[in-house]
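Those sequence lines, one after another, are chains P and H.
In terms of the numbering used here, the numbers along the first sequence are unbroken and rise by one, the last being 122.
In terms of the numbering used here, the numbers along the second sequence are unbroken and rise by one, the last being 264.
What the hints contain is simulated information worked out from the structure, not anything from laboratory work.
One or more hints might be untrue.
Per the computed footprint, the stretches of chain H lying under chain P, defined by three or more beta-carbons under 8 Å from a beta-carbon of chain P, are [what the hints assert, rightly or not]: (1) 29-35; (2) 39-45; (3) 63-73; (4) 157-168.
Cut-off 25 Å, straight-line C-alpha distance, at most; resulting in silico cross-link-like pairs (SDA-like, lysine to any residue) [claimed, not checked]: (5) H:K62 with P:R94; (6) P:K43 with H:D180; (7) H:K58 with P:R84; (8) H:K78 with H:Y57; (9) H:K58 with H:M81; (10) H:K159 with H:N120.
Since we're looking at a predicted model, the values are computed, not measured.
Virtual Cβ for every residue (Gly too), placed ideally from N, Cα, C.
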Amino acid sequence: MTKAQKQPDVRGSLPLTAAVFSILLALAGSEKHGYAIMKEVSLPEGGGVAMGPGTLYGSLDRMLGSGLVEETGTTDDERRRYYRVTGFGRKVLAAEVARLRAALATARHKGVLEGAHS
Amino acid sequence: MKGLSPLLFSFYKRALLLYPARLRQEYGQQILQTFRDARDDRKNGTAGFWLEMYKDLLKSSCMEQMHMLREHVMKQPMFFYALTLGLILTLLGGTATLTLQQMLRREANQPQAEMANFYASEIASGVAPDESIPPGYVDLERNLEPFVVFYNEQGKPEASTGYIDQSIPILPPGVVDYIRSHGSDTFTWEPRTAVRIAVVAQRVTGSHAGIVLAGRSLRLVQRDENILYRIAFFGWLILVVLLIAGAALLNRAQRMRPVVT
């Protein structure tokens, strides 16, 4: 008898929390260290999520545990580690974007966005 | 804010203790480095920056502790179930003990309630207290028998079968006033240290106005209460040991169960 290899479930990981979504989005372009992630997620185009170091590393810890991100192994300082999105993380991010896109289409169809950019 | 910066940073560093140990060991240095990067980027930090950082620290440390607790419970669910069961059984046992204790205490008021009622009616009908109350001698320190005392309106004892050091015990003035205004009272009286008496007192009106007090030593009830407390405590102790042992065994059995593909 062998232990069954658990396959990560993309749909089971959805919906993502705002913090996880923003971190994945920040790491989708390139590997980053903690502060670079924190800075990018706070920008409107990065999700506009204000998070401090505690929230960031708590989220990263759980994301590492669920295989969404991984450490690259490169450090420019003992205390500054870099993270990148995994293949599974990229699939989850894509699925979340698709889910949001569908919701956005519905919102647009219902006229929710009318006047939102004024 | 610049002058306070090292102090606030040092405090922040110490406050990392609020996070679960594993997270602190794993990410403590990175959290501090990210913090330094953010602080340097904002030219030593404004008041808003520090506020934001401390707010995040408090919020995220609470969240992480909750996550850690949840993780712990998920890893060892048996202990969680045992703890819940233990709490429920402790509550039920505590309620049962308290109910039994109350029943014991209420039983201690018999036959004083009937006695007080009987003598109060008799004296109110015009019988003199020293005629109504039969002669007798109950030593409150030694005897367990019930006794009766009649106090006049001023609280002065006029007839009694109960004595302490060969004299009739005097009711505190506050108690006399209370019974005078409320008509009756049931209480535990300690006329001397370690001498506790279950008392039922009733006001008497008419030509012999005053208070009839019937009492009985609580020694037997206290002995029964002590037995009850001991049974409850040892029962609870055995329950806790059994629950811990049961949870440990089930937890072990669960961990040893082979994984079937």
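Structure versus earlier hints - violations, ascending order: Going through the list in order, the structure violates hints 4, 5, 6, 8, 9 and respects the others.
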